[in-house]
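The UniProt record's numbering puts the first residue of the sequence shown at 1, with every later residue one more than the last.
To be clear, the hints were calculated from the coordinates, so they are not data collected in a lab. Please read these numbers as outputs of a predicted model, since none were measured by experiment. C-beta: ideal position from N, C-alpha, C; glycine also. Among the clues, some could well be false.
When the alpha-carbon atoms are kept at most 27 Å apart in a straight line, the in silico DSS-like pairs for lysine-lysine are as follows [as the list claims (entries may be wrong)]:
1) Lys768 <-> Lys814
2) Lys259 <-> Lys304
3) Lys1112 <-> Lys903
4) Lys304 <-> Lys351
5) Lys1205 <-> Lys1246
6) Lys747 <-> Lys715
7) Lys502 <-> Lys204
8) Lys772 <-> Lys502
9) Lys399 <-> Lys304
10) Lys316 <-> Lys204
Here are the in silico distance ranges between beta carbons for each label pair [what the hints assert, rightly or not]:
11) Gln1259 <-> Ile1180: 18 to 24 Å
12) Glu272 <-> Gln431: 26 to 32 Å
13) Arg315 <-> Gln1262: 38 to 44 Å
14) Tyr467 <-> Lys234: 49 to 55 Å
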Amino acid sequence: MEALINDHQSQDLDVLLIQEPSITTYQTHVNHSAWRLYRPITETDAGRFRSLIYINRKVSTSSHRQIACDHPDVTAIKIWTADSQFLIFSVYLSCVPLFTPNEASAELALTAIQNTITSNIQEDQRITTVILSGDFNRHHPAWSTNHIQPQFIEDASELINFFQTHGLHGCLPRGTATFWPLNDPGKSTTIDQTVTNRPELLIKCHLYHENYGSDHRATYSEWNLSPRRQPAAKAKKAYDRADWAKIAEDVLRQIGPWKEVKTRPALDEVVERLTEATATAVDRYTPDLRPSPYSKRWFTPDLKIQQTEVNYLRRKWQESCAELGRHDARSTTLFQEMQQKRRIWTRTIEKVKASHWKQFLDEAGEGKLWKAAIYTKPREAWGCIPALHVATNELTENKEKAQAFLDAFFPKMDEPDEDSLIRAPLELPWQPITELEIQRSLKSAKGSTAPGEDGVPTLVWKQLWGYLKHYITGIFTASISLGYHQKGWRSAKSVVLQKPKKPDYSVPGAYRPISLLNTLGKLLEAVMARRLSYLAEKHGLLPDTQFGGRPGRTTEQALLVLSNAIDRAWYKHKVVTLVAFDLKGAFNGVNKVSLDACLRARRIPTVARKWIASFMSDRHASIGFDDFRTEVTPLANAGLAQGSPLSPILFAFFNSDLVDQPVTFHGGASAFIDDYFRWRVGRSAEDNLAKIQSEDSPRIKAWARQTGSCFAAEKTELIHITRKRSQQLQGQVVMNGKTVEASPTAKLLGVVFDQELRWKEHVQQAIKRAIKVSIALGGLRHLRPEQMRQLYQACVTPVVDYASTIWYDPLRDKTHLRHLNTVQRTTLIRILSAFRTVATTTLEVEAHVLPTHLRLRHRAQNTIASLHTLPRDHPIWDTLRRAQKRRNNIGSYARFPLAEALKTMDLVRLDELETIDPRPLPPWRAEPFTEIEIGSDRESATERAGTVRSMSTIVVYSDASGREDHLGAAAVALGNNLEVIESQQVQVGPMDRWSVHVAELIGIFYAVSIVFKISNQRPRTEHKGKTTATILCDSRSALQAIQNPGNKSGQCIIHAILQAATEVQAKGIALRLQWIPGHCDNPGNDAVDRLAKDAASPGKTHPFRPLLTRTKALIRDNIRAQWEREWESSTKGGHLRKIDSTLPAAYTRKLYGNLPRGRAYLLTQLRTGHNWLSTFRNAIGFRDDDHCACGAQETVTHVLVDCPKLQELRRELRMKVGDAFNSISSLLGGSKEGERGKPDTVSRTKTVNAVLDFAEASQRFQSRAP
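Kindly generate the complete structure, drawing on both the sequences and the hints.
Following this line, the structure appears as structure tokens:
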């Protein structure tokens, strides 16, 4: 089957009708990117379908679709032209049993075909052609030879009657043999047929030249059909081999010099000219990607030659079997030749595939591991969009489907109520767009995002920015000043995708659109998004209850605020009633008039609002699915573009009035983009419902009328959160005339809340999802243990751990842990290839993976520490302060997981932590440093540092150093004679609170202060022109952190450096930062290094607060220490403890890291003691005694050291391992207590590999299961 699908000759065919197809190792049918696969619509219990249809993707979906045929062995499609339709059936009929012929009646299949033909003729008045092809398993003189037994003729009577009823004629010449049974040489039969009611359309029909190893011969037929075909796709470009200098030169030549744009039509023209010139130049100077002519990346020309030889020998053998019989001497000789050649070919395939896959995975460091993780997800099983059902209509044409999707994705919304004239507040100031601002947005944009209609990806603008920055800045400036979003940027390519896990894909609501926008327009939208985000956070324009689309806000924070409100209500024996709302249409349902009113009320400047109004006006889109795409059409209800970086922050402004409900003792609200939930707190569910119905519902409805929005009543959820059974499932609310009943669970931002907050449903859902991913990981063959471990921690544990501070109590939650441990255990057995009898604690130690409860505790403590670094005006601080008080409460009421986690932490240390402000810096800010020079190599950087005095008036050196667990920093300025003219020493603090990296930053901060001090001391007339000052630092990481400031630990110091540098710059001093290699015999660097060492003493002489990173390091160390204590007190892993007394330790990862799975299987047996030796087999009941073949007890030590039957192998082992042979611990990679620090990994790995060679050669560790 794979040979047929992958054969490049078969890809010239249009339709493949397959019967009795093989299935892959993963119990799926073979698929290929060149084909659309259609299966029977009726499910079968047999495990696989017996008929399939493959349609070449060159055949447009605008001219074909699958049609319903209610039988599991029949697949049907319809192909149509302007005046005719063709119904094509792939049919399999079961063989007729010899003694019970009635059990294999073809009536059900023929009736299903009859119904399909009838219904399609009634629905479509075009001329209908019927084509049936398949394995009919019937014999009759009408298509076979004359020598047919009467019983067989009788069995075919149903088929004959069906053919006569529909006027079906055979296409193959009568008597053409299609089946040669290899177990009955010399005989052949005709059981495969192709029949039609319009034989005049048949051009030719004969046996295909290749049978791909099947005992059936394929039938090839050509028909006089003219279905619409897809135009050839445009070749992809190899951008990594583009000549960007030539491209830029060509673009600049085509667009000419920049001229100021003053009108909207002129802006349209300039943008179109730039886009067209760029696309043309990129197409001209960028080579096409050259995909392999072979279907598989691992397939080689040598394999193709071998395949041809095997196929030739197989055909010769089959012909000999048919003519001379299977046991003829010539047939036997041909079979042996074919078998030998085929064996060589298949083994070569296995080696090539394994080698390719191994190379692919071994390049994990280059990012391919995540590409491999994609293969863990199941492939889409559908061939194309099925017929859609809208109301009572069935839509089969692509144009009808496209219109249904447009109506579903861009629904018509109610017109908003007219706002009464409200006096607009004073607008905020607006700064002009800057070149540096655009560059920052471009730098943060992903280069690989799919392009829009212009076909130009973002990476092109990244590469051409240095050449076109003046031109692009001029375009963006003109766009903002004219209040006009260029018309080409408002046109989108919408791609239809399936929503996962929907029960019915015949309704438009089971799909979602992805909008692909022109990338240059998206860059401007990103610039505007950054500005609006800055204004919103700087001036507090958005309510604290909106957590989506804002820096420093997460779903977990929103849920923590809700959990805190629930705990506070329960503490006072009250009931919480929560309603989760779903906005219909979300982004696409935003009304531009209502949005403008919201922006005006929040003081957004008029220049920005005019541009946003243009951004939302006159939008166009083409919608595409399968191979169909509509023409670009205007969107009447476009709203906010789904793929725009500007849409999230605009939506936050749009629904700000809705979600602006403060959290109090009586209730509150929270939102994350379009997910909005409101809760009420009261004595009873009835009281809460009364308040919701009388106060909240009218308010929400009023907002909906005012903005033209609509809520989806069918997605609204109501839940009473209480442990009072009498209050659960009480009452209902009415939304849009529909009643919403109380539910036992509600899913909020990915977490399943149950009425009593037992979290059973959420944990089960998390386990289900994690196990699914874990099982999929097992499908990635040839993964090394370290790669599987990495994928597990990146793909599986986040699924389990999501929002764990909401539902996991680190001090009490043993019930959930038992279930959660099964996820980790299943995966670790797979990672280490271990026996299922190995204890989970042993597996965790060997794989060096934290136990589940410690991992969850580690995550909770890290999350709490990070939350404590947020500014004190952040809404999460109310929750944190209450949790700090709540941790000391004693009682029998429900526990608050956040407060329980705080019991495991030091509050004093948490309160001392630094503040990391997530709010953005002004996007239009200028760079305070004229240059930050980070040399690429040590030699050139040393040379540049030696000549710095020739170009700088002031030269200052900074450095940091550690001594006796304390850190110091220093800055020193040298005069022309290399004398110290100014210096500063700083005691940074202990290493458990501070890092060398941050100490370097502190040194740079005081170096800037020295520059400021020196410049004030010198008279202004001393130097004519602008003064240049250079600060030299030997820490690249510190310079990079200043170059790219972000929301990271040490942010406060970096902001202080930037502020101080700005003040220096304001004095007319050009300030530079430059990297100097450490210990390069530079007088300034040596002097500052000595001062930094002297400053590394107890004490703290700077104003900054302790670091989050050091607190997280302390948390990590404490968790590891707890793990060591639990392992020492555990009764599991006795054999492993004898071998290695320093566990848990990170070196076990290296022991297993790059071992193939077969050798990891051996090492696990040797180290855990769970193996195929007699001692363990006796312990688990697989053997009656524990004796070795030599008579002694068969243990790991006996096999490696003592067994006399392995003397020759042991002699080779001694030569390889040397003195390590004297200790079983050394042989198996163990350590003694004194070696916990830095073991010799190289010699240890070499020893273990030698032992594995010995174990493999001994054959004692091979499976000996009964």
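Of all the hints numbered above, which does this structure not satisfy? Sort the numbers upward. As far as the earlier hints go, 2, 7, 9 and 14 are violated by this structure, in ascending order.
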